[in-house]
Amino acid sequence: MFRLTPQPIDTGAARRELRDAGAGGYVSFEGWVRDQNEGKQVTRLEYEAFAELAVKEGERIVREARARYPVKHALCVHRVGSLDLADMAVWVGVSSEHRGEAFEACRYIIDEVKHRVPIWKKEHYVSGDSGWVNCERCAVPGHAHRLG
Amino acid sequence: MRLKIQYYALLREQAGRSEEWLETPAATPAGLYDELAARHGFTLAREQLKVAVNSEFSDWARALEAGDSVVFIPPVAGG
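Taken in sequence, the protein lines are chains P and X. Heads up, the first sequence is in the numbering used here, so the first residue is 1 and it goes up one at a time. Heads up, the second sequence is in the numbering used here, so the first residue is 1 and it goes up one at a time.
Warning: the hint list may mix true and false statements.
[As the list claims (entries may be wrong)] Straight-line distance between alpha carbons at most 27 Å, and here's what the computed BS3-like set of lysine-lysine pairs gives:
(1) X:K4 - P:K72
(2) P:K114 - P:K40
(3) X:K50 - P:K72
(4) X:K4 - P:K40
(5) X:K50 - P:K114
(6) X:K4 - X:K50
(7) P:K40 - P:K56
(8) P:K114 - P:K56
(9) P:K56 - X:K4
(10) P:K72 - P:K122
(11) P:K40 - P:K122
(12) P:K72 - P:K114
Just so you know, these hints were derived from the structure itself, not from any lab. None of the values given here were measured: they were computed from a predicted structure.
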């Protein structure tokens, strides 16, 4: 399962969804908002998602993890909207019979989510400046003009 | 051909809108992006983007049909 939420992530409720009498272990990962990125002091950030495709792609990733590793349950919840420092941006939880596959599936899900799911992060800096992560510095100045 | 285009993140800000309906001669997402990049002054090169048609990832050379909903996807940054 993969979900987007504008509300703080309820990890207790999410964890309960993974409980299984056949599971001997549970692994979770929490991604938090950090106060600096690439040398800039971050004050807060905003997540924006193309919700329909984000959920589809997120569900695909969780299905892939379940196909690769024999886990009991897997869930990923990602925040959207405005977040403050130290807020939880993403949560991944996996339960499985043995711990090894739970660690591996959890790692697979968070790594793929970061690279594939259409979610964007805008950082606001102490300087008053802001920027879309992975978009500003890779922009090609003059490209649109050249097309015109 | 009339298409719906939705914008997110940097492209939404540069286009100054979240969506628009557009009458266009563009036959493919690639042609459509070139047209919109010129109109809105997008700074991202097409090579840096992915594209979705009707809420599923698509090839840039797909033949667009009237009423299709197109989303250009800037480099993502979830997590």
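Outcome of the hint check:
Our distance criterion of 27 Å between C-alpha atoms is broken by K4 (chain X) and K72 (chain P), whose separation comes to about 41 Å. Simply put, K114 (chain P) and K40 (chain P) have alpha-carbon atoms about 21 Å apart, close enough for the 27 Å limit, and the pair holds. Restraint check for K50 (chain X) and K72 (chain P): not satisfied, since their Cα atoms lie roughly 33 Å apart, outside the 27 Å limit. For the suggested pair K4 (chain X) and K40 (chain P), the alpha carbons sit about 37 Å apart, so the restraint of at most 27 Å is broken.
Pair hint K50 (chain X) plus K114 (chain P) holds up; C-alpha atoms about 15 Å apart against a cutoff of 27 Å. With a C-alpha separation of about 17 Å, the suggested pair K4 (chain X) and K50 (chain X) falls inside the 27 Å cut-off, and the hint holds. A C-alpha spacing of about 33 Å is found between K40 (chain P) and K56 (chain P), which places the hinted pair above 27 Å, so the restraint is violated. Taking the CA atoms of K114 (chain P) and K56 (chain P), the gap is near 14 Å; set against the 27 Å cutoff, the hint holds.
Restraint check for K56 (chain P) and K4 (chain X): satisfied, since their Cα atoms lie roughly 20 Å apart, inside the 27 Å limit. Between K72 (chain P) and K122 (chain P), the direct Cα distance comes to roughly 35 Å. Violation of the 27 Å bound is thereby established for this hinted pair. Distance hint between K40 (chain P) and K122 (chain P) is fulfilled; the C-alpha atoms sit about 13 Å from each other, no more than 27 Å. Among the hinted pairs, K72 (chain P) with K114 (chain P) is consistent with the structure: their alpha-carbon atoms are about 23 Å apart, no more than 27 Å.
This entry does not satisfy hints 1, 3, 4, 7 and 10, going by the numbered hints stated previously.
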